[in-house]
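All chains, full assembly: derive it from the sequences and hints.
There are 2 protein chains.
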Amino acid sequence: MPEGHMIHVDARRFDEAMGDRVVHTDSPQGRFADGAAALDGRTLRDTEAFGKNLFLRFSGDSPQYLHVHLGLIGGWTWWDADHQQLSGRPVVNADSSNVRLRLRTGRGDAERSAELRGAITCTLVDEEGMDRAVAKLGPDPLRDDADPGLAWAKVRKSKKPIGGLLLDQAVTAGAGLIWRAEVPFLAGVDPHRPGVDVTEDEFTTMWSEMARVMSEAVERGGKEITTDPADRPETDGHVSRDDAFYVFRRDGAPCLRCGTEIRVAEMGTRKVWWCPTCQPR
Amino acid sequence: MPEGHMIHVDARRFDEAMGDRVVHTDSPQGRFADGAAALDGRTLRDTEAFGKNLFLRFSGDSPQYLHVHLGLIGGWTWWDADHQQLSGRPVVNADSSNVRLRLRTGRGDAERSAELRGAITCTLVDEEGMDRAVAKLGPDPLRDDADPGLAWAKVRKSKKPIGGLLLDQAVTAGAGLIWRAEVPFLAGVDPHRPGVDVTEDEFTTMWSEMARVMSEAVERGGKEITTDPADRPETDGHVSRDDAFYVFRRDGAPCLRCGTEIRVAEMGTRKVWWCPTCQPR
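Taken in order, these protein sequences are the chains called A and B. Its first residue numbered 0, the first sequence is counted upward by one per residue in numbering that gives the first Met the number 0. Its first residue numbered 0, the second sequence is counted upward by one per residue in numbering that gives the first Met the number 0.
Since the hints were derived computationally from the structure, they do not count as laboratory data. Remember, predicted model here, so these are calculated numbers, not experimental data. There could be a bad hint or two in this list.
Using 25 Å as the maximum straight-line C-alpha spacing, the simulated SDA-like pairs for lysine to any residue come out as follows [stated by the list, open to error]:
#  : chain 1 : residue 1 : chain 2 : residue 2
1  : B       : LYS270    : A       : GLU201
2  : A       : LYS158    : B       : ASN97
3  : B       : LYS159    : A       : LYS159
4  : A       : LYS270    : B       : ARG88
5  : A       : LYS270    : B       : LYS222
6  : B       : LYS158    : A       : ILE119
7  : B       : LYS270    : A       : LYS158
8  : A       : LYS270    : B       : GLU265
9  : B       : LYS270    : A       : ALA264
10 : B       : LYS270    : A       : GLN28
11 : A       : LYS222    : B       : LYS159
12 : B       : LYS158    : A       : THR120
13 : A       : LYS270    : B       : GLY70
14 : B       : LYS270    : A       : SER214
15 : B       : LYS270    : A       : GLY175
16 : B       : LYS156    : A       : THR120
17 : A       : LYS159    : B       : THR120
18 : B       : LYS270    : A       : HIS66
19 : B       : LYS159    : A       : ARG269
20 : A       : LYS270    : B       : SER58
21 : B       : LYS270    : A       : TRP77
Shown next as structure tokens:
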């Protein structure tokens with residue numbers, strides 16, 4: 000599942016390629032035919048990402064917002080004017096018959112199209128609908144308007160493990176398995192520690208580290224890296240997947256800081272990783 | 000998560016290395032100290048795998064059965080007399096402090112030890128406890144005593160998708176994400192097809208294909224391959240992960256039989272893959 004920073008990357012891409020332009024829309028798969036017809040020919044006014052939710056605001060009558068949540072398997076594919084693929088997973092299917100929604104804009108070399116496949120949410124909503132969806136979410140560390148105090152108020156009262164709380168989109172919006180593992184490492188906190196046993200200083204560190212690593216990932220176009228160059232075996236510029244993280248998917252490998260074997264456990268039916276030495280309970 | 004065939008591989012390994020021998024047991028982590036103390040010095044009499052559940056029967060007073068379910072992250076690591084690792088994920092942790100249970104047997108060169116990490120179930124049960132655990136499971140295609148009719152009776156009445164039913168351990172025991180994707184492909188059935196719309200012939204094909212591909216994986220020591228050599232790009236003996244499956248994790252790639260783009264969707268919070276041409280709805 001794409002974590003929240005990727006949705007902010009998607010929002011930027013829509014802004015740059017389609018912002019303030021007339022957009023043509025259709026639904027090759029047919030499952031969003033009515034929605035696509037309602038958007039066709041409108042202008043993209045704004046893009047907003049809240050955690051893993053993307054909202055595109057269009058000109059015209061209500062409903063104005065396209066709400067997309069990619070879920071576990073959804074994704075956007077971008078194409079240029081010559082139908083060369085610009086981003087997304089490699090696609091071989093020329094007939095696009097599994098594309099829920101296609102947006103196309105620009106002319107000549109500026110032509111771009113974006114195809115949406117496999118999203119769990121793809122729907123048109125009015126402003127109230129957007130507010131309702133956003134109201135369910137905790138603060139998103141990537142947003143300037145986020146209030147970390149709302150997240151801290153929930154964390155400090157909860158007996159659930161901090162690794163689970165970070166994944167709960169109603170506590171903080173945007174984190175997935177990568178950040179829920181890496182952020183407690185960066186703050187030196189065992190992810191099993193109950194929220195009630197996390198100090199305010201530790202929470203503040205986690206919030207600012209999450210904002211930092213997610214922002215850096217957005218700047219890199221999505222690529223997630225949390226390791227400090229000094230902790231990486233190689234520093235020739237290229238950071239391999241193996242060296243990009245301190246604990247995520249590194250169970251059985253030695254900690255890059257202390258050499259202790261990285262652990263893995265189940266937490267809420269999903270995996271969590273940590274270093275038992277660097278992250279005291 | 001290891002699928003059922005790996006548990007049958009584990010059962011064989013215990014049989015070969017420790018069957019009819021006195022076994023010494025301890026719990027370096029301490030969380031299974033009482034259980035390990037109760038088993039220490041007993042003889043391993045039998046091993047049984049039912050789906051993803053392993054039962055080791057020991058000599059002595061009840062409880063005689065060690066019941067292990069690896070869950071999402073559990074695993075066995077095997078070591079020889081010189082403490083060289085024989086199998087399992089690479090382990091660097093010399094002090095074994097995350098080992099729930101360690102079993103050791105043999106003398107001299109025949110010495111073997113098995114370490115259990117991260118299992119969701121590791122418990123001692125009596126015969127009744129084992130029967131209770133097994134009674135919850137559907138038939139296991141790898142077992143000679145399995146009755147596929149019990150699975151078919153559930154499938155034919157269910158409106159749930161066959162891809163979900165195959166993953167339900169109460170319908171068939173042992174399948175995970177690989178088999179629930181590959182087996183419908185081998186039978187030419189869309190995994191979204193409701194159980195009630197699967198014909199008895201199609202179900203019989205799925206059952207026998209599941210038994211075949213899982214047995215072959217057991218014979219290979221666990222390695223899963225479902226593709227026919229004629230459908231693989233290379234046939235030099237080595238089968239890469241990319242060529243081992245028809246649909247599992249191949250979304251976006253062309254079908255090895257017809258070239259159509261393999262699809263992915265969410266089913267019961269997990270992924271399922273299929274070829275829309277080879278697997279009609």
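Unsatisfied constraints (hint numbers, rising) = 1, 3, 7, 11, 14, 16 and 20
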